[in-house]
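Q: In order, the protein sequence lines correspond to chains E and R. Under this note's numbering, think of the first position of the first sequence as 1, with each following residue one higher. Under this note's numbering, think of the first position of the second sequence as 1, with each following residue one higher.
Hints are supplied without guarantee of correctness; some may be wrong.
Pairwise CB distance ranges, derived in the manner of DEER restraints [unchecked claim]:
hint: 1; chain 1: R; residue 1: I101; chain 2: E; residue 2: T102; range: 34 to 44 Å
hint: 2; chain 1: E; residue 1: L138; chain 2: R; residue 2: A66; range: 17 to 27 Å
hint: 3; chain 1: R; residue 1: T102; chain 2: E; residue 2: L143; range: 36 to 46 Å
Over 10 Å on every C-beta distance to chain E, these chain R residues come out as not near it, computed from the model [to be verified]:
hint: 4; residue: S2
hint: 5; residue: A66
hint: 6; residue: Y86
hint: 7; residue: E98
hint: 8; residue: I128
hint: 9; residue: D170
hint: 10; residue: V171
hint: 11; residue: K239
hint: 12; residue: D244
hint: 13; residue: T284
hint: 14; residue: S289
Hint data in this document are derived by calculation from the structure and do not stem from the laboratory. All values reported here derive from a predicted model rather than from experimental measurement. Using N, Cα and C, we set each Cβ at its ideal position, and we do this for glycine too.
There are 2 protein chains.
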Amino acid sequence: MSRIVIAIGGNAILNPARGSPVEQQRLIDETCREIAQIIRKGYDVVLTHGNGPQIGNILAMQEECALVHPQPLDVCGAQTQGMLGYSLQQSLDNRLRESGITKQVATVLTQVVVDASSSSFTNPTKPIGIYYPESRALEMIALGIKMIHDKKGYRRVVPSPMPLQLVEEDVIKKLVSLGVIVIAAGGGGIPVIRKNGSLAGVEAVIDKDLTGSLLASAIGAETFLILTDVEKAALNYGKDNQVDLDEITVSEAERYIEEGHFGKGSMEPKILAVLRFIKSGGKTSIISSLDKALPALLGTAGTRIIA
Amino acid sequence: MSRIVIAIGGNAILNPARGSPVEQQRLIDETCREIAQIIRKGYDVVLTHGNGPQIGNILAMQEECALVHPQPLDVCGAQTQGMLGYSLQQSLDNRLRESGITKQVATVLTQVVVDASSSSFTNPTKPIGIYYPESRALEMIALGIKMIHDKKGYRRVVPSPMPLQLVEEDVIKKLVSLGVIVIAAGGGGIPVIRKNGSLAGVEAVIDKDLTGSLLASAIGAETFLILTDVEKAALNYGKDNQVDLDEITVSEAERYIEEGHFGKGSMEPKILAVLRFIKSGGKTSIISSLDKALPALLGTAGTRIIA
């Protein structure tokens, strides 16, 4: 049966500005309703998810709370795998039961080995967490915390090295072969490096779509579906002459990236992840919105990228 | 091969008073070194762990931080499964590699169905989290938060219903059958109830040793080993006439409970969990300290409880 990896955007399920746990659960429920329909069609589904706003919230709490020792970033990432894995597995289980499907769902905590020589460790550029008022940001910079300043204010930046290998790949594959619906590599995976054969966590985050493409290749998925907060990738996004894209080839996608059509921190990394999947032998990749997962797969929504 | 469930105390790996993440990792590493030796002896090991101090820290952070929406208790429990599952799986993986063992380790997020009719939902008695100064405690009580007052101060109390069923039981069994070392049901599991066939999280915590005994029975373990911060259960604990126990039968254990020998919030629930395991057909249960896991199994440390 056809295998598919579905990557759910962390921002898409929790709007940092208004996102209460109730709102997050509602969006997860809606998404899982779509995914249950995909499973009903007979696909073997593996789920992964982002964690941007969620890890940002944990960092904000740690900074404000003097009572509790802060945890390093890898451990915070592990906490978000627990939090979101639980929400997804419970919601998907409920939606499957409603549809009369008796498949099992399981979340596998996933460590991902990253490139230890990545320049992002010395020159971090990935913004995470909340915006800080200038006075607080300057204090943090004085403490050695790396920050950037954009039009909305100051944000912390952290390394975001390339994912190289899923430590729990074999376990994930075993469960998929047994027909279990696996949730894995949440938040792009818990970032680790190998030092003298041993694993060690590192203070970094990993792009969840790049890890999703690695996961999709590892389990031999035909399709890699990215669910985000827009339905289609577009040329001239947000301008008067915006053109939504229905289907593009790898070479078209590469040309559009060169021409700067895709947002640096938003659509471009998704397209890069998709290209990585297809160049590793994947067949189809689709970018669509949370509420259009099934139509995207059926070819009536989203942007499809093909070899 | 003989199966064993090992339950690691949350307090044993993080002393709430001094527990930094570094100290926690050191204790986890030491414990995993022992567990690697047990695996080397040929046992099929399933691990579970407590989360008392860790979930207490998350609650304390949520209360102090006005910026972030607090998460309900089931979600906080899921976060601790991510946090501690990650630490354990990485540490155990490293210790196994050092010992030349190539087994795989995986953490399965675990929901546990609890007794929805438990009186603990209307009359919660399980203390969790930090001690509060009186002024803050009275404010919290005025907000409807249930608190108790003991000799060290005020603490929040929450429901702690009986665990009835591991939702992910089949997945755990499948992985154990495949030779994977599974970490499951951390913190006693994420507490859920079934409502009209659907799962829903509840604001509660579950005794990790009771869930551990359920897990041990479910996977057909011969032995259920509880690792805590004392090496043996004792009669007249802490008094001049303290007698450490090497081996006791179920009926002796029941008599000692009646005579009030075991601490209500500490050793007694462990003995009750052990009794539940043996009455469900388990062969041997042992209570020992983190650093004496292997000697306990070999019969030279800990308290052994037999039918």
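Q: For each hint, tell me whether it holds in the structure or not.
A: Now the hints, each set against the structure:
no.	hint	in the structure
1	R/I101 to E/T102: 34 to 44 Å	36 Å, holds
2	E/L138 to R/A66: 17 to 27 Å	22 Å, holds
3	R/T102 to E/L143: 36 to 46 Å	43 Å, holds
4	S2	22 Å, holds
5	A66	8 Å, violated
6	Y86	4 Å, violated
7	E98	8 Å, violated
8	I128	14 Å, holds
9	D170	6 Å, violated
10	V171	4 Å, violated
11	K239	34 Å, holds
12	D244	34 Å, holds
13	T284	29 Å, holds
14	S289	24 Å, holds
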